[in-house]
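There are 4 protein chains.
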Amino acid sequence: MVINRWLHSVLDAGRRLLPESITRSGDRDALSKLEALCKTLISSRGEAMGTALASEALKAYHALSVEQRTEFFFKLLADFGASEADVRAAIENYLDEPSGVGAIALHHATEAPRQMLFRRLNMAPKGTYAVVKMRSDLLRLLKQHSDLKSVDADLQHLMISWFNPGFLELKEINWRTSALVLEKLIAYEAVHSMTGWEDLQRRLAEDRRCFAFFHPAVPDEPLIFVEVALTSGIANSVDQLLNEDVDPSAAAKADTAIFYSISDCQPGLKGISFGNFLIKQVVFELKQELPNLQRFSTLSPIPGFSRWLFDEQREQPLEDAESEQFAPYFDPDSEAAQDPAAITALMKLSRHYLKQAKRDLYPFDPVARFHLRNGAALGACHWSADSSARGKKQSAGIMVNYIYEIDQVEERHEQFVNHGEIAVIPRNRRA
Amino acid sequence: MVINRWLHSVLDAGRRLLPESITRSGDRDALSKLEALCKTLISSRGEAMGTALASEALKAYHALSVEQRTEFFFKLLADFGASEADVRAAIENYLDEPSGVGAIALHHATEAPRQMLFRRLNMAPKGTYAVVKMRSDLLRLLKQHSDLKSVDADLQHLMISWFNPGFLELKEINWRTSALVLEKLIAYEAVHSMTGWEDLQRRLAEDRRCFAFFHPAVPDEPLIFVEVALTSGIANSVDQLLNEDVDPSAAAKADTAIFYSISDCQPGLKGISFGNFLIKQVVFELKQELPNLQRFSTLSPIPGFSRWLFDEQREQPLEDAESEQFAPYFDPDSEAAQDPAAITALMKLSRHYLKQAKRDLYPFDPVARFHLRNGAALGACHWSADSSARGKKQSAGIMVNYIYEIDQVEERHEQFVNHGEIAVIPRNRRA
Amino acid sequence: MVINRWLHSVLDAGRRLLPESITRSGDRDALSKLEALCKTLISSRGEAMGTALASEALKAYHALSVEQRTEFFFKLLADFGASEADVRAAIENYLDEPSGVGAIALHHATEAPRQMLFRRLNMAPKGTYAVVKMRSDLLRLLKQHSDLKSVDADLQHLMISWFNPGFLELKEINWRTSALVLEKLIAYEAVHSMTGWEDLQRRLAEDRRCFAFFHPAVPDEPLIFVEVALTSGIANSVDQLLNEDVDPSAAAKADTAIFYSISDCQPGLKGISFGNFLIKQVVFELKQELPNLQRFSTLSPIPGFSRWLFDEQREQPLEDAESEQFAPYFDPDSEAAQDPAAITALMKLSRHYLKQAKRDLYPFDPVARFHLRNGAALGACHWSADSSARGKKQSAGIMVNYIYEIDQVEERHEQFVNHGEIAVIPRNRRA
Amino acid sequence: MVINRWLHSVLDAGRRLLPESITRSGDRDALSKLEALCKTLISSRGEAMGTALASEALKAYHALSVEQRTEFFFKLLADFGASEADVRAAIENYLDEPSGVGAIALHHATEAPRQMLFRRLNMAPKGTYAVVKMRSDLLRLLKQHSDLKSVDADLQHLMISWFNPGFLELKEINWRTSALVLEKLIAYEAVHSMTGWEDLQRRLAEDRRCFAFFHPAVPDEPLIFVEVALTSGIANSVDQLLNEDVDPSAAAKADTAIFYSISDCQPGLKGISFGNFLIKQVVFELKQELPNLQRFSTLSPIPGFSRWLFDEQREQPLEDAESEQFAPYFDPDSEAAQDPAAITALMKLSRHYLKQAKRDLYPFDPVARFHLRNGAALGACHWSADSSARGKKQSAGIMVNYIYEIDQVEERHEQFVNHGEIAVIPRNRRA
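Protein chains in written order, with numbering that gives the first Met the number 0: chain S, 0 to 430; chain V, 0 to 430; chain A, 0 to 430; chain R, 0 to 430.
Think of the hints as simulated: they come from the structure by calculation, not from any bench. The beta carbon of each residue, even a glycine, is placed where N, CA and C say it ideally should be. Please note: incorrect hints may appear among the correct ones.
[Said to hold, decoys possible] Calculated from the model, a selection of chain S residues having no Cβ within reach of chain A, i.e. all distances over 12 Å:
#1 38
#2 249
#3 329
[To be verified] List time: in silico DSSO-like cross-link candidates among lysine-lysine, alpha-carbon distance up to 30 Å:
#4 148(A) - 269(A)
#5 38(R) - 269(A)
#6 125(A) - 132(R)
#7 132(S) - 125(V)
#8 148(S) - 74(S)
#9 347(S) - 142(S)
#10 125(V) - 170(S)
#11 269(S) - 347(S)
[As the list claims (entries may be wrong)] Example chain A residues on the side facing chain R (calculated, C-beta under 10 Å, incomplete):
#12 80
#13 87
#14 98
#15 104
#16 153
#17 156
#18 164
#19 168
#20 170
#21 214
#22 275
#23 409
Excised from the complex, chain S in its bound form (with noise of 0.2 Å):
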């Protein structure tokens, strides 16, 4: 409280300083106004007065509508790119005498002025968090405006060094963590949707845990987390573990981690990925609570099953089946007639479709695509795993393990991404 009160202190000390042309706000327009502070802020006043500049521009960022966002990015395209003249000459110098100096330069003349603006925003409290969001929106504009990718190209490189894996921090998520980020867990799991807080407490229970990566300068939002049972063998149905009875004896006597399911929460940092060093960082986590841990693997949607199923263009022949057959058991609402040989033969396209759909070398499947890259190595399918109306039409209910072996990651990684080689679990170690 005390600490608001302080920075209202700042910022209204601050906006008193603002040239006049810029607070008298029923001069012009409000996108106008934004433009000029984004110049101000670059220019050397912006030295002076950084925080307070920062702050009202983010403010009049925050009031425009979604049309005069499209516009504000229109204008940082136009208006905050590298100037022409200056690249060109830094390209006449380096031609002249090639050399890692003239290299810079090159470099600094192509850096658009629009980086240097978004570095100034995150002066302002809560910058990061803003520019973040500020991403978020241009990606959604993107579609339809991909002329933007520019824009979104510093905004990317930025991201990528703010939010370089050695500034992040792993914090375990319990019952003990304060209710404004947990209502953000809520809010933000992408994979098996929580219904409120009884659910959300459930998945925090002493036979779970679950961790999540933050920024020392975005306190309150996750940007990832990850939810883990910990279960005695490798759990093979996801509405098991979402709806049975807390066991508080759970952890002492498991064997192994559940990875069930991991959220991405910020969409302003699509491109940025986390995930890889969340899981590698939880395993050791794990693994030093709970010395008694063995195996760590994930009980993992297919996404892309039924999408590939019933796709006519589908590459790989289905050998004997037609997919048509198998049509009821991705409808939600039918009580699938329960064909043991139907089962059978889904179970095994289900396989099949993990190791043989590929786009170029590697796996159709974005999940598979995602932890296999990881170092991860594919484990057993189970039928009737996820009941969710997602569930069974993404992939008629069936989930699969993807087992991390900590010793063998890099190896496997390595071959994945050199030669497409998918690692599998021998079927005897997969239970």
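Mind docking chains V, A and R on chain S? Use the hints.
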């Protein structure tokens, strides 16, 4: 402790997974090993095993001699720069059709791979500080090896991004601060050096304040700190500030805050300026704690005065005076003749120096340049204010106040930056 | 987590060292085992193995049925009281030569050994809370087993010492507080019950404040908490406070703080009064955060009104009125006839009740007694202020303000305590 | 800082409300004022204005001279004791019908009102520590004024309750600890005194550990601390431990933890024993951090050896020896003749002293008594282990190990307490 143990186990595990070719250090010399680690780190393998690789690389770097480090930086220059072929291709592309997209492509092509290397080194535990130290090593080598400036340009670029003011935390330093941080204040105090813990304790007593900027990834290392005395009226002698008895009631009755020492702590952050932000944040912080404070002033050295006064090539005439007559006053050992006329003349010359001695538009004196650029105004000069050897040598013991009037700061900054205009506090408001 | 593991290892180690006669629990029933543990705990052996013994004893207590606990308390009464022989000896001594020393010896002789037992139970992890819970069990039994009051006298004595206001910590409760604490607010709210997390979140919004006392040895358990609304003018309806939309600007413009709910959380701390301290500390805390606040008032229920109004033995006449006519207004289900005359009469009677209905010197109404004793003054009564079933039943939905005027509090407290005098805010200052 | 300001405003407000008769301090002398404050504090008025009254009373106490404090304690003795009339009434009641209830009533009647006074003083900011200091003043007066022991009995009773081990927090002390706490270690080290910050830093290096107990209401004051060296094999010289170079790898390879110094910090807590709990908790803490540790031993002084050896009334014969011949070895200044026979004899005598020299059942030597009572066993004695002046004077530089074997501690404690039996580590397990 527990944390440390965890980290060790992570790194041990990581190290076990390093390619054997790298870890069998007997096979090759330290430098080649480091080079191999760096190459792996920026390859795809670096993605999977980043933390362990980065940690090994930093350890290997740490073990190098000064000569080997020099050689390593030259390797970074020669082998980790932008590829000429790529740059040329991107140039051609750009010249074909100059555009924002082309400029960005060119920007990427001209980014030296060593930037990626530094970013990945940051993933090691305490990586941020290690990279800062690496730059401080490099800066020491620049005088002899000016070619390495290109490597430094990349490091500086990174530091500017990482140490963005928006990421810094202002912390009050006092006797509750950890010894680990406090001992660094003793080591880093650059203006009025401390003799030890007792000297430090006096500077952290109830009638003093001290603030520092920290970066969350380098929690034990202050980046810059400022020492403040709370006084009634403007202080005219640092000798007195450093030696007077603690006055526990001073804070309550003080109307003035005297910034009597500002010290940068990290040579590796040269060129990344925090002082400006620090002073302004501290002004607000103090105002918040002690609403009675009316004035914010420095009591500053005049480090360039004697150099200017005895410089044969000095541009400004000394009016009637001959500099030789003043020499005894700059001798720390001599009990200088206390000739009132000479003192008056010297005092006049000191103001003359501060106001007139310029390089281009701006004052010759580096401290004057710093504060005036921040938007401060020139206050009074004081005789016999700093009797330390350095104080005598630099400025015959004369010191000066720079006054921060917050509601004038922005305007003064503008006038100074654009026109070199120096704001001067009228005589009647200087005391 | 690591902490828990440590604790377990300590306790395991401790348990291994317990006398075999105690740990072989098969040998005897639960109650005898607990008794043996308690006896050992207050012997010299307790000194060496205190933590483990205390922990075992609490575990054993925890496992008892209600009947066994009753029996256990009777054991404490019979076997852990002061020894009559010792008391008689100390009495003789004292009567021989009455003195301070003799009084102290007698004081020690009359201290029941169960006090030492409770103190040693405190050495177990979470021992403090366990003893508080033990007392709450005991209090439930007192009605049927009034003999046990002696045991409670000892527990209460200890609680008064342990929960001395000097040891309590005032903490602000808000949306940053851990879910572990917040869920307890939902559970313990005693005045205006909460329906769940959304209800709670509204009460912790920007225009509300909440503060609680905590004891450092019981960090997860609030002892008492108060809910405050920030308003312009004195609130006259708790229905409105609980249901109105959040007004983010309310805090800045509020001139009044309304304490609309105070809830004790620990039945085991009955008779140890915190409310008085809490309200006063919160007043200062709010004054500090929001200097604009001019008034501090409760909006309180009148829990004893209907009981008094319909009491045949009521001492005070109702003047002209007959209580039966008002009955419909106390019926939560009936849409009471809204007869203005009846309402006026009821409102008048409510003030009459608050001012005149007394037991000995002091008001019959417990809430009135609490606030007036604290030094508050009687403010306005409000019609249709609490339409909850309880509100209707207790007081026909009427509520009352008690006003805390800090500079009058001490004087009013004195007048009230010594003379039963009730301070009343003049009508023109009540709104 | 903000906190301090808040507190001041609370206290200012409080003070304004104090009865004028009390605050007009000009009217009466300091002592009478304090007495008036104390009387008010235990009256009903104390309930309403407790914090301000308590704070004023402590301030008034603080301003007293030693003579006035003595007088004040005599006032507490005379005027704040149990009322004889009340005690006699309670006795009569009890004798009429001896019962638990009667005993409790008698217990209350014999409680001196000064106990309530001390409890209410605790409500002042930093009240807990102020009462501890008050007792330390009192303890100094007891030698001359043994009557005051009654007052101390009440204070000690309170301290035992407040400083119950269940409320204490074990904290590791290291170079990250605040200077405020660290400087107290320098001041309080009682066994091997520290020369300053450098000496302290060596004792907090990587191959050492230090732990202290704190009370949550006195966060800046360690109550007791222990210094530990991590060694390979049992250390035989404190000279070496204090002076050897830091070995950063020692912790990893250590098999033994040597407790080489335990210091009580608060004279005001005399008679409230923490050492026993501290050592055992530290053993578990170290075991947790460094699982390789196999042995936990002290390296202790033998403070009573010379007093016993040269005592004419010594009960135990020295066998063949004459004590005079050993005198030079106890002289810190003389370069004692290093006669091997004499040394052997002295070493033998030191063990003889530790095992045989007793008062009642227990060893004469206070340090031996402490550790053996805790359940330790006697290990080896070491020649030339402490060459400090004190070490020479007390025990000719001989030191001794007491070994804590955790699984024997309880049994040994019992044997020692009940039979005075001293456990001795067999010679082959002493090194």
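Agreement of hint residue 104(A) with chain R interface, Cβ distance less than 10 Å: This interface hint holds because 9 Å falls under the 10 Å limit.
Distance rule for residue 38(S), whose beta carbon must clear each one in chain A by more than 12 Å: At roughly 31 Å from the nearest Cβ of chain A, residue 38(S) sits farther out than 12 Å, so the non-interface label holds.
query: Can we keep the residue 164(A) interface hint, with Cβ of chain R closer than 10 Å?
result: holds, 5 Å
message: Quick check for students: does the CB of residue 249(S) sit more than 12 Å from each CB in chain A?
response: holds, 14 Å
query: Would you say residue 329(S) is clear of chain A, with no C-beta pair closer than or equal to 12 Å?
result: holds, 36 Å
query: Given the hint that residue 125(A) pairs with residue 132(R), does the C-alpha gap stay at or below 30 Å?
result: With a Cα-Cα distance of about 29 Å, the restraint between residue 125(A) and residue 132(R) holds, given a limit of 30 Å.
- request: Decide if the proposed pair is consistent with the structure: residue 125(V) and residue 170(S), CA atoms, cutoff 30 Å inclusive.
  value: Measuring from Cα to Cα gives roughly 18 Å; hence the hint holds.
message: Checking hints one by one. Is residue 170(A) an interface residue toward chain R, by the C-beta closer than 10 Å rule?
response: For residue 170(A), the interface hint is violated, since the closest Cβ of chain R sits about 13 Å away, which is over 10 Å.
Satisfaction of hint between residue 125(V) and residue 132(S), Cα-Cα up to 30 Å: Answer holds: residue 132(S) to residue 125(V) is near 29 Å, not above 30 Å.
message: Next item in the hint list is residue 409(A). Is there a CB on chain R closer than 10 Å to its CB?
response: holds, 5 Å
task: Would you check whether residue 153(A) satisfies its interface hint, that is, whether its CB is within less than 10 Å of any CB in chain R?
output: holds, 7 Å
Straight-line alpha-carbon gap residue 148(S) to residue 74(S), limit 30 Å: holds, 13 Å
Hint check: violations occur at hints 9, 11 and 20; the rest are consistent with the structure.
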